[in-house]
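Colleague: Each chain, written out:
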Amino acid sequence: MIKENDLILRTTTTLIAFILFGFSIYLFLAGHSAPGGGFIGGLMTSAAILLMYMAYGLKAVSKILPINYQLLIPIGLTIALLTSIGSVFIGEPFLNQTFGYFDLPILGEKELATALLFDLGVYLTVVGVSLTIILTIANDQ
Amino acid sequence: MISNLAVLPIVIPMIAGILLAFFHKKIPLVRSLAKILTTTNTLVVLFIWLYVKENGAVILETGGWEAPYGIILVADLLSITLVLTTNIIGIAAVFYAPASLSKKQEEFYFYTFFFLLITGVSGAFITGDLFNLFVFFEVLLMASYALIVLGGGKVQLRESIKYVLINLFSSMLFVTAVAFLYSVVGTVNMAHIAERVQGVEQKGILTTIGILLFFVFGTKAALFPLYYWLPKPYTVPNPVVSALFGALLTKVGIYSILRVFTLIFIHDTDFTHTFFLWIAGLTLIFGVIGALSTNNIKLIVAYNIIPAVGFMLIGIAIFNETSLSGTVYYLIHDMIIKAALFLLVGAVVYLTGTTDLRKMKGLIHHYPLLGWLFFLSSFVLAGIPPFSGFIGKLQLLKGAFEEGEILIVIVGLLASLLILLSMIRIFIQAFWGEKDETVTVNKAAARRFTLPVVFLLFFSVFLGVGAELIFPSVEQIADYLMNPEIYIQSVLKE
Amino acid sequence: MEIIMSILAGILFTTGIYNLLQKQLLRIIIGTGLISHGAHLFILTMGKLKTGLPPILEHGDTNPDHYTDPLPQALILTSIVISFGVTSLLLVLAYRASKENETDNMDLLRGNEND
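Chains as they are written, first to last, in the numbering used here: chain A, 1 to 141; chain B, 1001 to 1494; chain C, 2001 to 2115.
Hint data in this document are derived by calculation from the structure and do not stem from the laboratory.
Do not take every clue at face value.
Subject to a maximum C-alpha distance of 30 Å in a straight line, what follows is the list of computed DSSO-like cross-link-like pairs (lysine-lysine) [as the list claims (entries may be wrong)]:
| hint | chain 1 | residue 1 | chain 2 | residue 2 |
| --- | --- | --- | --- | --- |
| 1 | A | K59 | B | K1025 |
| 2 | C | K2099 | B | K1203 |
| 3 | C | K2023 | A | K63 |
| 4 | B | K1026 | A | K59 |
| 5 | B | K1162 | C | K2099 |
| 6 | B | K1103 | C | K2099 |
| 7 | B | K1162 | C | K2050 |
| 8 | B | K1232 | B | K1103 |
| 9 | C | K2099 | B | K1104 |
| 10 | C | K2023 | B | K1154 |
| 11 | B | K1104 | A | K63 |
Small disclaimer: the values here were computed from a predicted structure and weren't measured.
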């Protein structure tokens, strides 16, 4: 998209994109009872991917990340929907949720909630939607 | 848990839409799956309807959050009846779509957006939370934005930008109105609002919020003077999309007015409902003038949406049991007949290749069935007895007589006459007259178009002829609307 | 504080509507963005501005006056997500319309009614 030779942008992108990725995953996981969540995490991830597109061009990034963003939208929606109707099958109201404490290796005792799965769906949908829209316009030159 | 029934009409179409998005390129598979899924959904909704009729409203507290705190879904007889009607129109649309859409349009997620539209409409009917109503409005609007640009010609792009802008603006006003209401009563649950509104001392601010909400819903429902955006965007997309829009979208607006102004804002009916009566009369007059002013047959049918909305508003404005039963009856009748008319006109445009009335003549010699179906649906629309429009109008005008509003009765009758004139004009110009030997006749295409229309008209005629069977349910709904305490108590469980 | 915020929301609405009435497509879209910001700010203001704890029951503090009201924030978040979606859709639409017509002037968007 941008002119071929842009050394400063490329060098900083290698660093910044990974910081953005890391922070987006932190936000996604924090989202249950602290600021964050699937929506903002997804936006942050798409910002990181977009930055890579801007620095390295469409072809190069499509080679490293061969993801069909259009397909991410229905996948994300399916996950979100399945987690919300899951509770119907065990006789609970629609969208009901639960949580528990688990002993994870390295991390220690952590709280895991079913709301996190719902958020994963949101995350994928947001990444899919925002990148589909931006890339549709960008590809059209 | 039986209360989970309330969420099924929302979840099933959503699953269907997502499922069909995965293989949007495999058209034959998608077509048959879509047909199966709409039919299944309609049967499920029919089952819920029977359950609700027997046992009263099904109320679901999503996520297990109790009534005023969480999001509530309320499937009462009014909302589930409208959902059922929506799904019947959905079946007709799915069977009509393959004949009318091009392959490219079908591949571009038509069925996904169709199901999302059904999700949004059903959700808007079922929700019991004012902010959630906004969310479902957005779901159905988002799907409608995608459907209206399907195909993407120049006119379509221009009209859809206008359509998106007007809807976005009114949605933002909706959010603002909800914020006002929240600051006054501190809740967004409709039953809870209705309960707290009774205790508010300054009724003036409530009337202001009520009128702001009326403005929002009036924009969506195309009431005078906010109807100017409606006719053109409804004529540009594919006929099946126009039919869905004409049948469902404005009706969601009028349903919201019906719900909000029989449940929440009933503290100052002298002002609000008299105001509605004026708006209803003006909507009738201006809509009919619009319908008579053009030779574009799609535009004539699109303009005919406006007086229909005016009729329904009369019932809300008069606000007694007879008139409300008229509104509910007319709502069901109009959803079905508008879909049928748009599909018929779409078929005529497809077969003749033009929307200009002056370029058509003598179609009845080539397509007799299509012609008589059109004749029948004109009569149903105008409210000739014994068809369904007649019974709705009879109740509406009877309600107006009871309150002594003679002027609106005269305007209503005059408007029905002019509606009949605008429809018969199409019939005489396009179907009657000398046989045009130059046209190429495409009987096979005509046959594919007629079947869904016959299906819809069957229900329409049944609504009129079988009124004895349906009317008790409608009266039950009207009685329920006149007594908002039943709704409040069933939601808040006091 | 509430009054200042209400005035700010009003200013956002006015500038938004001013932009909405322009002819250039991009300005119109910016106008819709400003209006939705105004509406979101307005919800926040209407839910009473106060600095309290996040509304999660921690350390056994059960006095509701110490917490902020979570509902306006939930409403705003939903509304932001929706206006994000609509704005991006509108951008794609405007881009395609301007490409098809080779102009971004609303008055010059062409097309015949009868086709």
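Colleague: If a hint holds in the structure, say so; if it does not, say that too.
Modeller: Verification of the hints:
1. Distance check on the hinted pair: K59(A) and K1025(B) sit about 25 Å apart at the alpha-carbon level, within 30 Å; holds.
2. For the proposed pair K2099(C) and K1203(B), the alpha carbon gap of about 51 Å is over 30 Å, so the pair is violated.
3. Straight-line distance between C-alpha atoms of K2023(C) and K63(A) comes to about 41 Å, which puts the hinted pair past the 30 Å bound.
4. Annotation: proposed proximity of K1026(B) to K59(A) holds, straight-line Cα distance about 28 Å (limit 30 Å).
5. A threshold of 30 Å between alpha carbons decides the hint, and for K1162(B) with K2099(C) the separation of about 17 Å falls inside it, so the pair holds.
6. This hinted pair checks out: K1103(B) and K2099(C) have alpha carbons roughly 24 Å apart, not beyond 30 Å.
7. With a CA separation close to 39 Å, the supplied pair K1162(B) and K2050(C) exceeds the 30 Å bound.
8. A threshold of 30 Å between alpha carbons decides the hint, and for K1232(B) with K1103(B) the separation of about 25 Å falls inside it, so the pair holds.
9. Among the hinted pairs, K2099(C) with K1104(B) is consistent with the structure: their alpha-carbon atoms are about 20 Å apart, no more than 30 Å.
10. For the given pair, K2023(C) sits about 17 Å from K1154(B) by alpha-carbon distance, which is consistent with the 30 Å threshold.
11. Distance check on the hinted pair: K1104(B) and K63(A) sit about 28 Å apart at the alpha-carbon level, within 30 Å; holds.
Comparing the model with each earlier hint shows violations of hints 2, 3, 7; every other hint is respected.
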